[in-house]
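*Asks:* The lines below spell out each chain.
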Amino acid sequence: MHHAFSSYHPAVAFAFIVSAALLSMAAMHPVYVALSLAGALAASIVLRGARQTARSLAWVVPMCAIMACANPLFSASGSTELFHIGGLVVYVESVVYGLCSGGMFAAVFLWFASYARCMTSENSLALLGNIAPTVTLMASQVLRLVPQFVSRGASVAAVQDAASAAAPVTKRDAAHGRFRIVSVLMEWGMEDGICRTDAMRARGYGCGAKRTTYKRFRFGRADAALTAAIVALAASNAGLIAAACSAYEFYPAMTPLHMQAGYAAYAAFLAIPIVLQAKEWWQWRSLK
Amino acid sequence: MAFVEVEGYSFAYPPAEGGATRLRAGVSDASCADERAWVVRDVGFQVEEGDFCVIVGATGCGKTTLLRSLKPELSPVGAREGSIRAAGRTLVEDGAVVQGFTPLESASTIGYVMQDPGAQIVCDTVWHELAFGLENLGVAQDEMRRRVAEVAHFFGIEPWVRSSVEELSGGQQQLVNLAAVLALRPRLLLLDEPTAQLDPNALKRFLFMLARVNRELGITVVMATHAPEDVAAYATRVVELQPLGAGASREEAEEKIAPRRKARREALAKADVAVEVRDAFVRYDRQAPWVLRGMDVRVRRGSVHALVGGNGCGKSTLLKLMAGILRPQRGSVKNALAGSQALMPQDPKALFVCDSVAEELHEWSARCGYGEDDEAEALRRFGLAQHASQHPYDLSGGQQQKLAFAKLLLTGAQLLFLDEPTKGLDPASCADASRIVRALADEGRTVVVVTHDLDFALVTADEVSMLFDGETACTEPAEEFFANNLVYRPNAHARLFGEV
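Taken in sequence, the protein lines are chains A and B. According to this note's numbering, the first sequence is numbered sequentially starting from 1. According to this note's numbering, the second sequence is numbered sequentially starting from 289.
For the record, the hints were derived by calculation from the structure and aren't laboratory data. Treat the hints loosely; a few may be bogus.
[To be verified] Simulated crosslink set (DSSO-like; lysine-lysine; CA at most 30 Å straight-line): (1) A:Lys171 to B:Lys637; (2) B:Lys558 to B:Lys637; (3) B:Lys492 to B:Lys622; (4) A:Lys171 to B:Lys550; (5) B:Lys544 to B:Lys558; (6) B:Lys622 to B:Lys550.
[Claimed, not checked] Which stretches of chain B does chain A cover? Using the computed rule of at least three CB atoms under 8 Å from a CB of chain A, they are: (7) 359-365; (8) 384-397; (9) 423-429; (10) 443-457; (11) 616-628; (12) 663-670.
[To be verified] Far from chain A, some chain B residues (derived; all Cβ distances over 12 Å): (13) Glu336; (14) Ala557; (15) Asp584; (16) Lys637; (17) Asp643; (18) Glu651; (19) Gly659; (20) Ala701; (21) Phe756; (22) Leu774.
Using N, Cα and C, we set each Cβ at its ideal position, and we do this for glycine too.
Go ahead and model the full structure; you've got the sequences and the hints to work with.
*Replies:* Here it is as structure tokens:
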């Protein structure tokens with residue numbers, strides 16, 4: 001399925017989502033958390049679709065609520081008393097802190113979900129390919145073998161199940177049969193390995209030449225420009241966030257909030273996938 | 289000087305010591321290698337540049353060994369005599385291996401395609417597989433792109449170039465293997481029974497592409513096969529390592545089995561129904577399309593019932609349904625013999641769990657209550673007595689098939705499901721399989737067989753159901769079925785028919 005980053009090199013999506021997740025984790029500040037959450041939510045909708053996002057929210061929201069409620073129970077600090085139940089005093093500061101950590105958790109979770117959507121195994125390998133070609137090749141082989149093992153395991157199990165004429169008499173016998181599947185698969189895999197090694201050597205593996213790596217994705221000018229923009233925005237935001245967070249305190253009383261240029265810069269950074277999506281939407285709309 | 293010259297070439301594997309054979313490559317030669325015997329004896333032939341040369345011989349006659357001797361990376365270890373020259377270089381001179389090619393030259397000059405489509409694929413996606421050899425040779429990025437594009441275009445792979453190799457059919461996988469080798473731009477292409485595991489349609493498509501490679505690109509092809517009739521239209525040169533049986537025409541075969549057919553028909557007329565599938569609907573996932581939609585089929589007790597049809601028509605799914613591995617989402621399956629059945633998978637390896645042939649046959653003795661005498665008898669009946677101590681994987685394809693049969697028959701199962709029992713077998717083994725199945729039916733056992741091999745179905749089956757689009761297109765006695773089909777029919781002449 002197509003998404004906002006899919007026409008770009010995987011490095012672009014990687015740079016954006018990883019820096020967004022890192023900044024979200026670092027920014028423990030009510031306004032920044034709100035922005036992170038809004039950005040993560042928007043990115044998730046743009047990259048994964050509204051339905052998938054709603055499905056993750058179904059358990060992310062309750063998690064957040066639990067974290068928000070739990071914090072005042074365990075940390076009874078702050079200065080503005082909200083109410084008290086028995087001997088337990090609940091402060092506004094403590095509730096806000098709980099809400100912020102819940103929101104941060106939700107945002108980081110959504111970034112990870114978006115990461116999984118954009119960085120398929122192939123995309124991750126494309127990034128890794130430049131750094132570790134051998135690892136890339138190995139990963140590619142493993143990715144090939146895993147589904148093969150699973151389907152073979154299923155066929156061995158099916159053969160055992162279908163052989164009612166030789167059905168296991170005892171439970172122990174049956175369990176042993178299942179356990180044996182693993183060793184059968186290992187041996188079968190090794191047998192294949194001989195053939196595969198031959199196929200590799202026949203096509204010049206280990207022939208002495210320095211291996212090159214076929215690049216499925218080209219890192220073009222547009223990719224470079226977008227990555228540069230992402231890195232620059234992320235770096236400047238990191239500075240602004242550090243300053244904002246060090247100037248802000250939850251306890252004993254919350255520092256008053258006022259408008260800062262940093263909020264706008266962070267919002268601009270988080271808007272990148274939305275802008276990409278909007279651009280595309282506009283292109284297709286104008287063609288109709 | 290000819291492009292390939294083989295002069296008085298002989299080869300013998302070193303004598304086997306215990307389990308050492310397990311590690312040696314060239315599985316199909318396993319049976320020949322036990323004692324120090326010549327696997328290939330005094331072979332001589334020449335191939336000109338641009339030839340399509342076919343090396344003919346039954347399984348285990350040394351075709352693989354000979355082909356491997358032509359490819360330095362895969363050259364077997366052992367004693368040899370004679371000499372081999374290829375593409376202007378010497379590979380073997382008076383029984384000694386000469387390094388005529390550097391490894392890099394060899395990889396790019398001589399291409400090699402093996403039998404098993406899936407096992408020789410290295411990477412997870414089609415494009416990576418096409419690029420794999422080029423990466424090994426250190427080809428530069430732009431050149432690599434051009435070559436991958438070229439071969440993908442030539443073979444029509446473009447539409448599925450991003451697919452995972454696991455999703456492809458065997459025929460597609462084998463095309464990828466050929467394309468991946470061709471991307472290296474070899475001058476000589478060696479193929480070891482490349483179509484043995486393909487269904488008839490895929491086989492024709494593969495050979496057609498191979499012929500184009502040979503004629504349009506001028507690449508010399510040397511292909512080993514036990515079915516030279518498939519490539520008769522393309523071959524320019526034939527080397528017979530071992531004369532094959534002459535074969536017979538379809539009429540002769542039908543004449544020979546006519547009395548049996550008559551007797552079987554009379555015997556089955558009164559037979560009751562063993563397995564009945566009624567209006568069955570099956571799909572593998574809620575979102576997936578139906579594989580079977582309204583399938584109706586009845587298998588009579590004591591009959592050999594063949595299920596035939598193209599790829600993806602639901603043959604194997606129907607077999608799983610009958611065997612109780614799958615349940616229909618709608619409709620019903622009644623199996624009167626459900627308590628005494630066994631399934632032979634497409635690949636007999638899925639049935640083997642032990643380290644030797646003898647242990648394999650002994651595995652179910654406690655469960656099914658057969659004794660050592662029965663095991664010895666099974667070994668003898670299937671001609672496996674001298675292989676009793678071998679590992680099942682070291683047997684040839686035909687022998688593995690026989691071992692699977694032996695193991696399943698020892699259970700005393702009254703109902704047998706066979707999934708493509710003739711895949712990869714040469715005509716002699718195929719005829720063996722047919723004899724075994726017919727003998728089972730004569731004993732009163734019921735056999736349901738899924739097959740692509742119409743020749744096999746013609747001489748083996750009592751009834752044939754043709755599946756199409758998840759339904760039964762027709763069910764008829766074998767005689768009528770094959771008489772009424774115009775396009776979907778057995779070969780007019782086959783070596784299997786000579787062995788009936």
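*Asks:* With reference to the structure, classify each hint as holding or not holding.
*Replies:* The hints, checked one at a time:
1. Note on A:Lys171 and B:Lys637: the hinted pairing holds, with a Cα-Cα distance of about 25 Å set against a maximum of 30 Å.
2. As the CA atoms of B:Lys558 and B:Lys637 are separated by approximately 38 Å, the hinted pair breaks the 30 Å bound.
3. In summary, the hint linking B:Lys492 to B:Lys622 is not supported, as the alpha carbons are separated by about 38 Å, beyond the 30 Å threshold.
4. Among the hinted pairs, A:Lys171 with B:Lys550 is inconsistent with the structure: their alpha-carbon atoms are about 47 Å apart, more than 30 Å.
5. Taking the CA atoms of B:Lys544 and B:Lys558, the gap is about 25 Å. The hint holds against a cut of 30 Å.
6. At most 30 Å may separate the alpha-carbon atoms for a hinted pair to count; B:Lys622 and B:Lys550 meet this at roughly 28 Å.
7. With 3 residues bearing a CB less than 8 Å from a CB of chain A, the stretch 359-365 of chain B meets the requirement of three and the coverage assertion stands.
8. Only residues whose beta carbon comes within less than 8 Å of a beta carbon in chain A count, and the stretch 384-397 of chain B has 6; three or more means the coverage holds.
9. With a threshold of 8 Å between beta carbons, the proposed coverage of the stretch 423-429 of chain B by chain A holds, since 7 of its residues qualify and at least three are required.
10. Here's how the stretch 443-457 of chain B fares: 3 of its residues keep a CB closer than 8 Å to some CB of chain A, so the rule of at least three is met and the hint holds.
11. Residues of the stretch 616-628 of chain B with a Cβ under 8 Å from some Cβ of chain A number 3, which satisfies the need for three, so the listed coverage holds.
12. Given as covered by chain A, the stretch 663-670 of chain B fails the check, having 0 residues with a CB less than 8 Å from a CB of that chain where 3 are the minimum.
13. The Cβ of B:Glu336 sits about 24 Å from the closest Cβ of chain A, beyond the 12 Å cut-off, so the non-interface label holds.
14. With a least CB separation of 27 Å from chain A, B:Ala557 remains clear of the 12 Å interface cut-off, as annotated.
15. Taking the minimum C-beta to C-beta distance to chain A, about 22 Å, the non-interface status of B:Asp584 holds against the 12 Å cut.
16. The non-interface label for B:Lys637 is inconsistent with chain A: the shortest C-beta to C-beta separation is roughly 6 Å, within 12 Å.
17. A cut-off of 12 Å between C-beta atoms contradicts the statement that B:Asp643 is not in contact with chain A; the least separation is 9 Å.
18. With a least beta-carbon separation of about 8 Å from chain A, B:Glu651 fails to lie farther than 12 Å from that chain, contradicting its non-interface assignment.
19. Every Cβ of chain A is farther than 12 Å from the Cβ of B:Gly659; the closest lies at roughly 15 Å, confirming the non-interface assignment.
20. With a closest Cβ-Cβ approach of about 4 Å to chain A, B:Ala701 is found to fall inside the 12 Å limit, against its non-interface label.
21. Residue-level check passed: B:Phe756 sits 25 Å from the nearest beta carbon of chain A, beyond 12 Å.
22. Once the 12 Å rule is applied to beta carbons, B:Leu774 is consistent with being away from chain A; the minimum gap is 35 Å.
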